[in-house]
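Student: Work out the full structure: start from the sequences and follow the hints.
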Amino acid sequence: MKPLTLIALMVPGLWLIWLWVQALTFNPVALGFDPVARTHHYLGDTALRILIVSLMISPLRDLTKWAPLLQIRRRIGLAVFFYALAHVAAYLVFDLRGSFPALWEDVVERIYITLGMAAFLMLIPLAVTSNNTMIKRMGALAWRRLHTLVYPVAVLAVFHYGFMVKGVQMGPWIHGAVIALLLGYRAWRGISRPDSSFRTRLRQVRGAA
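In my numbering, the protein residues as written are 1 to 209.
To be clear, the hints were calculated from the coordinates, so they are not data collected in a lab.
One should not assume that every hint holds.
[What the hints assert, rightly or not] What follows is a set of in silico ranges between Cβ atoms, one per label pair, in the way DEER data are often shown:
1. 98 / 188: 13 to 23 angstroms
2. 85 / 138: 16 to 26 angstroms
3. 187 / 14: 35 to 45 angstroms
4. 3 / 61: 15 to 25 angstroms
5. 183 / 18: 14 to 24 angstroms
6. 68 / 163: 16 to 26 angstroms
7. 36 / 181: 30 to 40 angstroms
8. 10 / 131: 32 to 42 angstroms
9. 59 / 149: 28 to 38 angstroms
10. 29 / 138: 40 to 50 angstroms
C-beta atoms are modelled at their ideal positions from N, C-alpha and C, and glycine is treated no differently.
Tutor: Next up, the structure:
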């Protein structure tokens, strides 16, 4: 299942590369009339949607009782980080010409950039610790607590999306509603069915490698 998951996670990136190949060769409008904006919006949308998929793993596991779902969760989480990193890099390189002072100015002055950068910075420790070595070093309980940061990341990301778009668009509302439902499920699950034991938590975390 892990190889299939990896292939599925690579598809959006490969599709974007293919669009750029078209735009630079035989189809100049493959990425629309503003390929730069299309690129970093596409990467941001992809990161957010994969993040939502990662949040759906636990509910799906609870409903289906299919244990292999937990084994792909960390891989999906890493894909979120890499697409978010590409999103930030595209904005920095194409829009700001690689200027970090300009990036800092945007972070300070534009609320949607502030929210997006906060979400991205919170993803970094999650990506760095998404391996068995860090789980053993931190301990399973501390690791799980750290990785609850994924929930504020999701909230910040959807607000970043909402403040970024112009006018009233359904995209942020739809993504926000899905995230709200998943957070509500998480809260209900924590109240009604707490984890049974430390060993259970440890097995689940190690199985997600």
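Student: So, against the hints stated earlier in the document, which numbers end up violated here?
Tutor: Hint check: 1, 5, 6, 8, 9 fail, others pass.
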